[in-house]
Amino acid sequence: MSSPTVLFDAPGPKARRRHRMISIFTVIALLAFLAVVIWRFNETGQLEYALWEPFVTPAYMELIGQATLDTLRTAAVAIVGAVAFGVIFATGKLSSHRIARWPSWLVVEFFRAVPLLMLIFFIWSLYGFKNGILIPLILGLILYNGSVLAEVFRAGMNAVPTGQVEAAYAIGMRKNAVMRLIQFPQAVKVMLPAIVSQCVVTLKDTSLGYYILAPGLTVAGRAIWREYDNRLQTALVLAAIYILLNLLLTWVARMLERRLNRSEANAARAVNEAARAARA
Amino acid sequence: MTVFFDNFDLFLRGFAETAKLLVAAGALAMVLGTLIAVTRVSPVKALRIVGTTYVSLVRNTPLLMLILLTYYGMPRLGIDFGFFGNITLAMGVYTSAFIAEALRSGVNGVPLGQAEAARAIGMPFGLTMTQVVLPQAFRLVVPPLVSQLIALTKNTSLAATFGIAEATFRLNGMLRDYASERWVIFAGYAAGYIVIVAVLSSIAIYLERRWKVSR
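Just so you know, the protein sequences line up as chains D and B, in that order.
Numbering of the first sequence is given in the working numbering, commencing with residue 43 and proceeding in unit increments.
Numbering of the second sequence is given in the working numbering, commencing with residue 2 and proceeding in unit increments.
Treat each hint with caution, since some may be false.
Which residues of chain B face chain D? A few of them, derived with a C-beta cut under 8 Å, are [as the list claims (entries may be wrong)]: (1) Pro44; (2) Lys46; (3) Ala191.
Keep in mind that the hints were calculated from the coordinates and are not lab data.
In this text, a Cβ means the ideal position worked out from N, Cα and C, and glycines have one as well.
Work the whole structure out from these sequences, hints included.
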């Protein structure tokens with residue numbers, strides 16, 4: 043890993059002047075952009091109080107708060123289910139029996155390759171396209187995120203130094219004990235940051251409840267914009283809520299990462315890399 | 002089984018739309034992502050801050066929110082590129098943040114000596130980047146870039162209720178029309194996506210082998 047500074051020399055007086063010019067230009071361009079946006083908002087009447095009113099009205103704020111809780115609950119249930127799913131299929135993929143490895147591989151690959159929304163639509167069709175049910179959303183999230191987590195768990199178990207595993211075998215432990223007592227406790231620490239960033243993905247994907255009208259932030263937003271005809275404003279507010287929640291989660295992940303020592307941090311980075319590859 | 006093949010033209014047309022979205026949004030994401038990646042490693046602090054903010058904002062916004070903003074929001078402001086343009090814009094912007102991250106880690110993965118050598122022979126930042134670092138970074142990031150394109154392929158499904166008749170829209174329609182055949186229909190459309198993903202990853206493997214730099 044190189045620090046970005048290796049790409050350029052320490053700036054001299056001339057370069058510093060140029061950098062200052064670019065900085066000033068950047069700031070001016072940003073301000074100009076913001077000004078244009080605000081001007082467009084104003085010009086087209088999107089700043090009208092009536093369009094923003096629901097977001098300062100207690101009843102609607104309560105509705106949005108409730109919807110946020112619904113969304114968080116959906117995400118929490120999905121994450122717990124996905125962790126269970128991931129543990130089962132990671133164990134399957136790490137098994138020494140071909141009969142367990144092969145189907146696990148197939149399931150994980152399938153649910154990673156298929157779009158989540160398609161999965162949700164299919165499960166919804168099994169429930170007769172009933173409005174307002176959460177099960178298709180939650181099941182879809184569990185299947186997709188569980189498959190990604192299975193890859194994370196597998197990478198985490200494999201990131202435990204081989205010396206540890208060999209030593210455990212050398213003192214006569216069986217595979218089951220090695221995985222349970224030696225690999226797993228060390229792997230958990232390294233996997234935590236990747237698991238938290240998967241939580242961010244799950245939380246973002248709860249927005250897909252919109253397509254099947256499952257209770258949550260997006261559907262609450264839909265109710266508001268149908269009443270006030272303020273799609274732009276509602277979308278902005280919802281996006282802000284999602285960004286805040288996700289930044290909070292990302293911050294937790296960073297805190298967890300900071301508590302690891304250097305070799306663990308390297309392993310955690312490798313697991314994170316695996317997670318990123320698995321997500322696609 | 003017959004229902005699926007009777008409607009095979011819908012299936013093909015759906016995936017043609019998916020492919021169109023993929024190509025348009027993918028191209029936009031590549032261009033935007035490269036620009037953002039450059040700002041994130043540039044010597045000017047203001048640019049770095051802009052790049053970092055962009056990436057963290059876009060990455061933490063659900064794609065659906067971006068689609069709502071471009072599809073419903075922008076026309077309200079008098080900016081409208083049409084159905085396809087607005088959705089492509091949302092998907093391109095969303096994917097560009099991830100592509101920028103992949104490229105940045107690629108830039109960091111190019112050995113120190115390369116950038117140092119470029120500087121030693123007097124190349125300024127622009128030349129160092131365009132002639133020495135980025136060409137090597139692109140090779141390093143082929144696998145992560147393709148993962149992002151695969152993710153984009155799956156994300157194009159979000160266009161389903163926004164006036165674009167892509168594959169997932171067709172799937173939804175067929176599931177509603179032919180409930181008894183739903184397993185076959187689901188398997189067929191899943192296979193369609195899996196084929197796209199498989200093609201993309203085999204391109205990645207080919208390019209990775211071809212461009213491998215021996216060190």
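Evaluation of the provided hints:
A least Cβ separation of about 5 Å between Pro44(B) and chain D falls short of the 8 Å threshold, and the interface hint therefore holds. Taken as an interface hint, Lys46(B) checks out: its beta carbon lies about 7 Å from the nearest beta carbon of chain D, inside 8 Å. Restraint check, Ala191(B) versus chain D: the minimum CB separation of about 5 Å is within 8 Å; hint holds.
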